[in-house]
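Novice: Listed here are the chains, written in short residue letters.
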Amino acid sequence: MAEAAAHRPIHELTDAFRRGETTPTAATEGYLARIAARDADVGAYLSVTREEALAAASESDARYRAGRPRGPLDGAPITYKDLFCTRGVPTTAGSRILERFVPPYDATVVERLAAAGAVMLGKTNMDEFAMGSSTEHSGFHPTRNPWDLSRVPGGSSGGPAAAVAGGLAAGSLGTDTGGSIRQPAAFCGIVGVKPTYGRVSRYGAIAFASSLDHVGPFGLDVTDAALLLQAIAGRDPLDSTSIDAPVPDYVAGFAAGVEGLRLGVPDEYFIDGMDPEVERAVRAAVDVLRGLGASIERVSLPTTEHALATYYVIAPAEASSNLARYDGVKYGLRVPGARDLIDMASRTRGAGFGAEVKRRIMLGTYALSSGYYDAYYGKAQRVRTLVRRDFEAVFGRVDLVVAPTTPTVAFKHGEREDPLSMYLNDVFTIPASMAGLPAVSVPCGLNRIGLPIGLQLIGRTLDEPAVLRAAFAYEQATGWHRRRPPGA
Amino acid sequence: MISRQDVEHVARLSRLALSDADIEKMREQLAAILAHIDTLRALDTEQVEPTSHAVPMENVMREDEPRPSLPQEAMLANAPDRSADFFRVPRIIED
Numbered sequence: 001m002a003e004a005a006a007h008r009p010i011h012e013l014t015d016a017f018r019r020g021e022t023t024p025t026a027a028t029e030g031y032l033a034r035i036a037a038r039d040a041d042v043g044a045y046l047s048v049t050r051e052e053a054l055a056a057a058s059e060s061d062a063r064y065r066a067g068r069p070r071g072p073l074d075g076a077p078i079t080y081k082d083l084f085c086t087r088g089v090p091t092t093a094g095s096r097i098l099e100r101f102v103p104p105y106d107a108t109v110v111e112r113l114a115a116a117g118a119v120m121l122g123k124t125n126m127d128e129f130a131m132g133s134s135t136e137h138s139g140f141h142p143t144r145n146p147w148d149l150s151r152v153p154g155g156s157s158g159g160p161a162a163a164v165a166g167g168l169a170a171g172s173l174g175t176d177t178g179g180s181i182r183q184p185a186a187f188c189g190i191v192g193v194k195p196t197y198g199r200v201s202r203y204g205a206i207a208f209a210s211s212l213d214h215v216g217p218f219g220l221d222v223t224d225a226a227l228l229l230q231a232i233a234g235r236d237p238l239d240s241t242s243i244d245a246p247v248p249d250y251v252a253g254f255a256a257g258v259e260g261l262r263l264g265v266p267d268e269y270f271i272d273g274m275d276p277e278v279e280r281a282v283r284a285a286v287d288v289l290r291g292l293g294a295s296i297e298r299v300s301l302p303t304t305e306h307a308l309a310t311y312y313v314i315a316p317a318e319a320s321s322n323l324a325r326y327d328g329v330k331y332g333l334r335v336p337g338a339r340d341l342i343d344m345a346s347r348t349r350g351a352g353f354g355a356e357v358k359r360r361i362m363l364g365t366y367a368l369s370s371g372y373y374d375a376y377y378g379k380a381q382r383v384r385t386l387v388r389r390d391f392e393a394v395f396g397r398v399d400l401v402v403a404p405t406t407p408t409v410a411f412k413h414g415e416r417e418d419p420l421s422m423y424l425n426d427v428f429t430i431p432a433s434m435a436g437l438p439a440v441s442v443p444c445g446l447n448r449i450g451l452p453i454g455l456q457l458i459g460r461t462l463d464e465p466a467v468l469r470a471a472f473a474y475e476q477a478t479g480w481h482r483r484r485p486p487g488a
Numbered sequence: 001m002i003s004r005q006d007v008e009h010v011a012r013l014s015r016l017a018l019s020d021a022d023i024e025k026m027r028e029q030l031a032a033i034l035a036h037i038d039t040l041r042a043l044d045t046e047q048v049e050p051t052s053h054a055v056p057m058e059n060v061m062r063e064d065e066p067r068p069s070l071p072q073e074a075m076l077a078n079a080p081d082r083s084a085d086f087f088r089v090p091r092i093i094e095d
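Sequences listed follow chains A and B, in order. Letter 25 of the first sequence, counting from 1, is numbered 25 in this note's numbering, and no numbers are missing. Letter 66 of the second sequence, counting from 1, is numbered 66 in this note's numbering, and no numbers are missing.
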């Protein structure tokens with residue numbers, strides 16, 4: 001595969017399949033060759049499913065030859081964050097405790113993308129159980145940012161994001177609990193979408209914090225992200241939290257542009273200590289959107305400063321419950337030589353979980369324990385209501401909120417050893433997670449040393465159409481999405 | 001302020017075997033994180049209802065009809081230890 005083809009958006013690639021200029025097998029072979037040559041540097045993949053990919057690509061070839069491709073994703077070489085269950089393919093959630101786990105079934109989103117003809121290249125790296133903002137907390141190895149290998153790709157979906165940015169997959173799926181799609185998308189200069197809570201099924205996605213976990217796509221541009229979301233969105237009887245609402249045609253909605261859209265710029269998202277280059281890029285992006293016909297006003301989301309603390313009660317509390325199942329009985333690691341059942345579970349969990357996961361289980365268990373429940377968990381759930389009300393008030397006046405995705409660009413490996421300084425990374429992504437609102441991160445520039453900056457657009461519940469339409473209008477007007485990492 | 005005894009108690013509840021060094025480091029880190037979380041106390045939430053889910057959820061019902069499920073063998077295939085059709089674990093009940 002020609003080097004340039006590696007960074008071709010899915011919609012262009014599958015157009016080329018339809019025109020007979022190349023084939024799914026040629027594209028898949030090209031990606032597998034790039035992974036073999038380059039992933040040792042990036043570390044995006046935990047497993048590469050070469051045989052399965054070539055078999056799926058060959059079936060896709062036949063559909064194009066017969067003139068009956070299944071749609072715009074048929075033959076697209078993609079990757080999944082390694083917490084989506086894939087039948088017969090190891091699924092680790094980035095944890096040693098699941099090192100030998102081979103799921104007997106596919107996640108609903110995996111099934112849906114396979115039905116759309118997408119080709120799985122393999123499974124990609126993540127912070128263990130999706131707890132982290134740098135992919136340094138993978139139980140296996142860190143992932144590096146294709147724009148600068150000394151820096152992190154963000155997290156927790158760092159593998160799927162770095163794969164797309166580094167030309168090691170044409171698209172990918174991740175999960176976002178407090179920012180784990182949008183923040184790595186910003187750090188890696190690609191598009192990432194966290195849809196409305198419940199818009200996409202989580203059946204078969206290994207749980208972290210169930211009231212906050214969202215599944216969403218990464219793409220090289222907004223069209224790709226929209227096409228992937230289109231294929232995975234919608235009610236799933238196997239996930240009782242999935243919303244039973246029709247899925248609109250996202251790409252068809254792009255034509256409407258942003259003329260007449262009302263955008264709110266929240267004061268609380270421009271704070272002391274944020275990178276001035278990020279602020280400049282985001283304010284310039286707001287000017288671009290104004291120039292395209294949107295109206296801009298200042299708004300206030302006063303609870304923003306408390307969202308982080310609220311999140312670090314609710315997410316660990318839910319995690320402490322969800323991760324109770326890793327006890328060495330039904331799957332995964334078991335440490336031998338235990339005195340009794342409790343000793344077996346304690347030793348297995350002590351050995352199998354990494355430091356960050358243990359910290360969050362401890363924090364969550366503490367927040368839920370007798371005597372502390374009301375002060376921590378109860379309090380956090382009430383503040384969560386305030387976060388939601390802030391957005392409800394603002395969305396009475398504007399259609400979208402426009403803000404930075406992150407306060408800084410990608411930081412260096414090992415730079416944030418202190419847990420709290422790592423958590424502060426998520427300060428602009430957590431509020432939309434708490435409120436379950438759809439949000440996108442779209443590239444909005446490079447800083448003076450060539451690192452990507454992300455623009456975040458947040459919409460009303462189920463208003464992915466407006467979020468994606470504005471992101472598309474912005475990217476078409478600026479072309480930042482066509483910038484690629486040097487040498488990648 | 002979270003004490004060493006608190007950390008040991010929570011580790012037991014969490015079924016996490018921690019080394020002595022881990023316990024002290026955990027205590028320091030949890031204390032720092034909890035100090036940040038304690039900033040929430042400044043907010044008056046007396047009259048505020050809690051939110052458990054971002055999108056309001058009602059009971060989701062379906063017909064109670066039997067459907068095929070995964071075979072027993074598939075569910076046992078990942079077990080670290082098994083005996084016939086059972087998960088095997090250390091003895092729980094004394095003789």
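Do not rely on the hints blindly, as some may be mistaken.
Selected chain A positions facing chain B (Cβ under 8 angstroms, derived; list incomplete) [claimed, not checked]: (1) Tyr64; (2) Phe101; (3) Tyr197; (4) Gly198; (5) Arg235; (6) Leu238; (7) Ser240; (8) Thr241; (9) Val288; (10) Ser320; (11) Ser321; (12) Asn322; (13) Arg325; (14) Ala345; (15) Gly350; (16) Tyr366.
Residues from chain B that face chain A, not an exhaustive set, calculated with beta carbons under 10 angstroms [to be verified]: (17) Met1; (18) Arg4; (19) Gln5; (20) Arg12; (21) Ala35; (22) Thr45; (23) Met57; (24) Asn59; (25) Pro66; (26) Met75; (27) Ser83; (28) Ala84; (29) Val89; (30) Pro90; (31) Ile92.
These aren't lab readings, by the way, just hints derived from the structure by calculation. Only a predicted model underlies this, so the values are computations on that prediction, with no experimental measurement involved. Every residue gets a Cβ at the ideal spot worked out from N, C-alpha and C, and that includes glycine.
Novice: Each of the hints needs a verdict: does it hold here or not?
Specialist: Hint-by-hint comparison with the structure:
1. Tyr64: violated (34 angstroms)
2. Phe101: Since chain B brings a Cβ to about 6 angstroms from A/Phe101, closer than 8 angstroms, the hint holds.
3. Tyr197: holds (4 angstroms)
4. Gly198: Holds, about 5 angstroms.
5. Arg235: Status violated, d = 10 angstroms.
6. Leu238: violated (10 angstroms)
7. Ser240: Status holds, d = 4 angstroms.
8. Thr241: holds (7 angstroms)
9. Val288: violated (30 angstroms)
10. Ser320: Status holds, d = 7 angstroms.
11. Ser321: For A/Ser321, the interface hint is violated, since the closest Cβ of chain B sits about 11 angstroms away, which is over 8 angstroms.
12. Asn322: violated (13 angstroms)
13. Arg325: violated (11 angstroms)
14. Ala345: It holds, given that the least Cβ distance between A/Ala345 and chain B is near 5 angstroms, below 8 angstroms.
15. Gly350: holds (3 angstroms)
16. Tyr366: holds (5 angstroms)
17. Met1: violated (13 angstroms)
18. Arg4: Not OK, violated: B/Arg4 not within 10 angstroms of chain A, min 13 angstroms.
19. Gln5: With a closest approach of 12 angstroms, the B/Gln5 hint is violated.
20. Arg12: Hint on B/Arg12: holds, closest Cβ of chain A at ~8 angstroms, below 10 angstroms.
21. Ala35: holds (9 angstroms)
22. Thr45: holds (4 angstroms)
23. Met57: With Cβ-Cβ at 7 angstroms, under 10 angstroms, it holds.
24. Asn59: holds (9 angstroms)
25. Pro66: Constraint on B/Pro66 not satisfied, violated at 15 angstroms.
26. Met75: The hint holds - B/Met75 has a Cβ within 10 angstroms of chain A, the shortest such distance being about 7 angstroms.
27. Ser83: The hint is violated - B/Ser83 has no Cβ within 10 angstroms of chain A, the shortest such distance being about 13 angstroms.
28. Ala84: Since the shortest Cβ distance to chain A is 16 angstroms, the answer is violated.
29. Val89: holds (5 angstroms)
30. Pro90: holds (5 angstroms)
31. Ile92: Because about 5 angstroms separates B/Ile92 from the closest Cβ in chain A, which is inside the 10 angstroms limit, the hint holds.
Going down the numbered hints, you'll see the structure goes against 1, 5, 6, 9, 11, 12, 13, 17, 18, 19, 25, 27, 28, while the others check out.
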